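**Q** These protein sequence lines map, in sequence, to chains A and B. Here our numbering is used: the first residue of the first sequence is 232, the next is one more, and so on. Here our numbering is used: the first residue of the second sequence is 699, the next is one more, and so on.
Since the hints were derived computationally from the structure, they do not count as laboratory data. From a predicted model like this one, the values you see are computed outputs, not experimental measurements. Just to be clear, a hint being listed does not mean it is correct.
[To be verified] Examples of chain A residues toward chain B, derived with CB under 7 Å:
| no. | residue |
| --- | --- |
| 1 | Pro234 |
| 2 | Ile237 |
| 3 | Ala310 |
| 4 | Ile367 |
| 5 | Tyr369 |
| 6 | Ser478 |
| 7 | Leu480 |
Every residue gets a Cβ at the ideal spot worked out from N, C-alpha and C, and that includes glycine.
What follows is the residue order along each chain.
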Amino acid sequence: MAPGLIWLTALMIVPCLLIFVLAFYERGIYGGVDWSILTSENIRRAADWLYVSVFIDSARIAGIATLIALLIGYPAAFAIARAPERLQTPLLFMAILPFWTNYLIRTYAWIVLLNPAGLINGALIHLGIISEPLPILYNEFAVILGLVYNYTPFVVLAIYSSLQRLDPSYAEASRDLGASAFTTFVRIILPLTASGVAAGAVFVFVLSIGNFVTPDLLGGGKLQMIGNLIYDQFLTARDWPFGATLSGLLIALMMLALTAQALAAGRARGEHA
Amino acid sequence: MPRFLTVHLGATYAFLYMPILVLMVLSFNKAGLPTAWGGFSLEWYGKLATNPKILASAWNSVIVACVSTAIATTIGTLLALGVERSKPSAARDALLFAPMIIPDIVLAIALLSFFTLVKFTLGLQSIILAHVVFNIAFVCAVVRARLKSFDWSLTEASRDLGAGAFTTFWRITLPLILPAVIAAALLAFTLSVDEFIIAYFTAGAGQSSTTLPMQIYAMIRFGVTPEINAMATIVMLVSFVLVLTAQRLNRGRIPGA
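Build out the structure end to end from the sequences listed, making use of the hints.
**A** This is the structure in structure tokens:
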């Protein structure tokens with residue numbers, strides 16, 4: 232057990248703590264870090280509206296992507312959970328399989344589909360529905376679509392596993408007592424699978440808000456999210472301490488989302504135990 | 699099942715697979731343009747096979763994935779055995795869950811800062827160290843899932859009959875969990891070979907440690923080309939085969955579930 236825990240501590244915990252230390256130093260003249268001056272300037276700078284607005288935009292985009300992923304993923308997971316027993320595993324496997332392929336390639340596929348000379352615009356023009364290509368690539372729409380596409384499998388997985396743990400006799404009792412299918416779903420099934428919804432939602436939100444590849448490739452450089460901002464500070468502006476400050480804020484935000492989910496899950500367990 | 703649920707599920711699969719299938723079909727398109735079909739051709743695959751940059755980066759990726767998988771599978775399996783046999787600990791579980799949820803870019807810059815601070819030379823070796831971090835977590839999760847249904851009385855019987863701890867592990871425990879361990883290794887390999895951002899930050903300067911995803915990223919930034927479609931098809935098929943094999947070995951358990 233020891234080598235594994237040491238590896239994770241040395242190459243994950245220590246480097247992440249280092250980020251919080253770096254945040255309090257100045258950048259060196261030639262990039263890197265000037266270890267001689269302690270400063271709180273980076274934190275003051277991060278509070279600038281310029282950067283705060285990037286955080287708000289990222290949270291908004293991640294929030295929309297999460298909502299859409301839930302709206303697609305919940306009914307899909309529900310359908311899989313209602314399918315014949317022997318089909319459930321293959322169906323779930325089919326939903327997860329795309330996740331195990333290269334993220335860059337899955338994102339690139341949407342450039343092929345969405346670009347002005349791409350398949351979707353080409354087909355719509357060919358059918359005479361539009362005369363000019365729709366601007367569906369290199370904007371917020373494309374970024375949200377890319378995030379939903381890449382992370383919906385997580386939602387299906389999380390919600391399916393909570394549906395599977397659900398005792399079917401609750402829903403049966405509700406129907407026997409005269410509740411409609413809709414009422415049974417809203418009053419019984421949905422609350423009892425809330426922990427799966429929360430787990431899926433937090434996953435999508437956290438992975439979306441810190442994403443770099445999707446806004447970079449599908450946003451076409453016009454759209455900045457926190458991930459791109461951190462990337463630029465490290466590789467373009469070469470201001471590591473400020474990049475570290477932004478990363479520290481992102482970690483804090485992530486912890487907040489995870490804690491909220493853990494509290495919600497704990498409360499749900501307490502209520503239904 | 700209500701009809702709309704079936705339709706929705708079908709539409710969800712179409713949404714998930716359509717982009718992938720489009721790439722695969724276009725990779726055989728002689729015309730090279732996504733909007734016109736110019737006949738079936740293996741031309742773009744031929745171009746890939748003679749591109750030295752792609753071959754070199756693919757080789758680098760195989761090295762990184764093989765070494766990081768070997769290390770992570772060994773350490774991760776031992777970790778899983780240790781964790782399952784000891785008292786539950788929320789802090790330890792959080793540590794094991796963290797690599798799956800930390801944004802790649804954060805781990806990437808954290809490791810770059812750390813390697814720079816301790817003056818560790820960047821290259822394939824630093825990518826390997828970094829990939830082991832998230833692969834340990836994945837291997838550990840897959841093996842732990844298998845150990846949940848493990849009959850520990852078998853190892854007790856072995857010990858009672860006088861076998862040492864090592865003999866018991868080698869002759870009893872490992873053969874029993876081997877399918878899960880191999881499945882975990884295949885998944886770790888898949889994750890490592892596809893990983894982009896952490897490799898990009900910890901590779902250091904110069905072409906010599908470029909991995910395949912870094913090469914793909916550079917090509918995508920340059921524009922849509924038929925060669926990318928061909929490469930994408932190969933990379934996706936390799937992942938599909940690895941993950942499918944892992945799922946078979948792991949008694950149908952869904953990877954990631």
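**Q** List in ascending order the numbers of the hints, as given earlier, that are violated by the structure.
**A** Hints 2, 4, 5, 7 not satisfied by this model.
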